[in-house]
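Note that the protein sequences, when read in sequence, are chains R and U. Heads up: the first sequence begins at 1 in my numbering, then just goes up one per residue. Heads up: the second sequence begins at 341 in my numbering, then just goes up one per residue.
No lab work stands behind these hints, which were simulated from the structure alone. Zero decoy hints are in this set.
Covered, in the sense of this in silico footprint (three residues per stretch, anywhere, with C-beta under 8 Å from a C-beta of chain R), are these stretches of chain U:
hint	segment
1	423 to 431
2	451 to 461
3	476 to 485
Taking lysine-lysine and the DSSO-like style, the derived pairs with C-alpha atoms no more than 30 Å apart in a straight line are:
hint	chain 1	residue 1	chain 2	residue 2
4	R	LYS286	R	LYS141
5	R	LYS26	R	LYS93
6	U	LYS458	R	LYS247
7	R	LYS247	U	LYS423
8	U	LYS481	R	LYS247
Keep in mind it's a predicted model, so treat the numbers as computed, not measured. Cβ atoms here follow ideal geometry from the backbone N, Cα and C, with glycine treated the same way.
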Amino acid sequence: MSENPAQMVKQEETRAAVSAPPSIAKYRILFIRFIPVIVLLINLALHSFLPNKQVSNVTNTYTGVLIAVIVFYIILACVSIRNQSLGEAMSYKVPLLAVLFSFFGIWDLVTLKLKLLPLPYFPGPDKVLYAFVQDWPLLLKCTAYSLRLLFAGYAIGALLGLVTGTLMGWSQRWNYWIGPLLKIIGPIPATAWIPIALVAFPTSFLASVFLIALAVWFPVTVMTSSGIANVRNAFFEVAKTLGGNQKYLIFKVAVPASMPMIFVGLFMGMGTSFLTLIVAEMLGVKAGLGWYINWAQGWAEYAKVYTSLIVIAVMFSSIISLLFKTRDRLLIWQKGLIKW
Amino acid sequence: MVTEQDNGSHTVGGAIEIKNVGRVFGEASDNQVIALKDINLHIKPGEFIALIGPSGCGKSTLLRLIVGLDVPSEGELFLNGEKITGPHYERGLVFQDPTLFPWLNVYDNVASGLVARKIYREKKQDVAEYIKLVGLSGFEKSYPHHLSGGMAQRAALARALVNHPRVLLMDEPLGALDAFTRMQMQDEILRIWQERKTTVVLVTHDVDEAIYMSDRIVIMTPRPGKIQEIIDVPIGKPRARNHPDFFRLRSKILETLHFAGEETLSYYL
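The shape of chain R in the complex, shown without the other chains (with noise of 0.2 Å):
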């Protein structure tokens, strides 16, 4: 089965509605539509009705989350007769949502009901959605933390990185000199520097800022300069024979010109950003996400642990799209970009 399960549904939906009378192909779709809901309520029975064999406090948040999904889902289905645009989408992510749902029925059977994993490390999903509950002005907190310490320091570094990036990227003489000094430092990870930041800078959050301005520094940098060296010496000829002068010729064509280039920086600059961040966090800011799963695991809270990799997937995934959105309306004059 190395087919697309989207593109499945779909074509089985087609042969359904083409071999089978309209009512019937119809039935069977919104059948299919509510195998998600079949899973869930497994999942409900499951829980509720299998002795658990890990020693633990069981709250209702579980069962309260799961009630919540099947009766939002319901709903949705229902809505998904009569719209179908909706219904359409719905039909498409059936067979994930299917999946995720029996993942979540697994984890609980494996963790809570047959103890095939064990405590504290292996929560059943139960736990970790309580941890949430329980802990969520903390984690709030934690990652508006995370989230300001991120912003100053990927702000500072990829602004940076576009201005050595350009000046390496259009004049001889200044790649003269970085260039060997970002073939030095560049590669060392910023995490390595974090012994010696934390006694340079005055406060920890400063020190961080740093590092990761330092993350997102080197590629952007790389990705500048070698965009802007190597876009069409045409550009400039036709530029110039328009009336440009130097810093038309630099900021109206070069930096467009490699826009594309200078995006790719930004995306590994961010990856970078993330780990340092969450690394800084663990090992010498008092706050964010990076702090809380140290200091959680510190406690053997390991339903914390998870509810924060949550937290922090949620986040950068977020963090990720809203980078993409951003590239896909600045380059929208570009052909064949890379979805995300």
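Once you've looked at the hints, dock chain U against the given chain R.
Leaving out everything else, chain U in the frame of chain R:
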């Protein structure tokens, strides 16, 4: 024909004076390539000049010298009596490759000359006018990668014209187009030229195109690049592509090129 009185600022078309120009590439004496040697040419304001010749005859090099993207090894070039020292918006350029800025849409590409000169706000209306002139109205928002070769070249033409250049320099601008688009574009360039009275220098290796479009044809020969002959095209415009004088001129030009060497003749036949 365009007015002959050339008193600088009032005429739209510029006069080009090329005096004893030579261009040598390479530093060491044994590796030197003489691209151009002893070029003397006077181009009248509003004239349409075609530079033709086999590859390597230095016609593109000469064009780049007039544009100011290259400097002569010897001799001087003048536009309306002023020495050409570098690129200037008075000398507009169209390459074979349209070289539109891919990050700008058609409108912004055409406007880029005005933006570069910081006069966009005052001359805004020119952009739409030139887009209309080249027949691209309705495509203002399109990005270059969505344009066909002919449309892209029209946009490039509008971009060069929006600065009201005194001289329009074109380096095989229609070379990459199919035969029909090519003929259509030839007519449009001629129409625009007659409307704007700009001096035009067209580099081409298409003899028919040169005869159809230009007032004078400058035939160049390679190694070293020299002007072999300058031929007047005495056919009135608009020209019919099947005018009887066409064949006569064509034979004459091919004959001229034939004296330049056997292989160049076969190149054209």
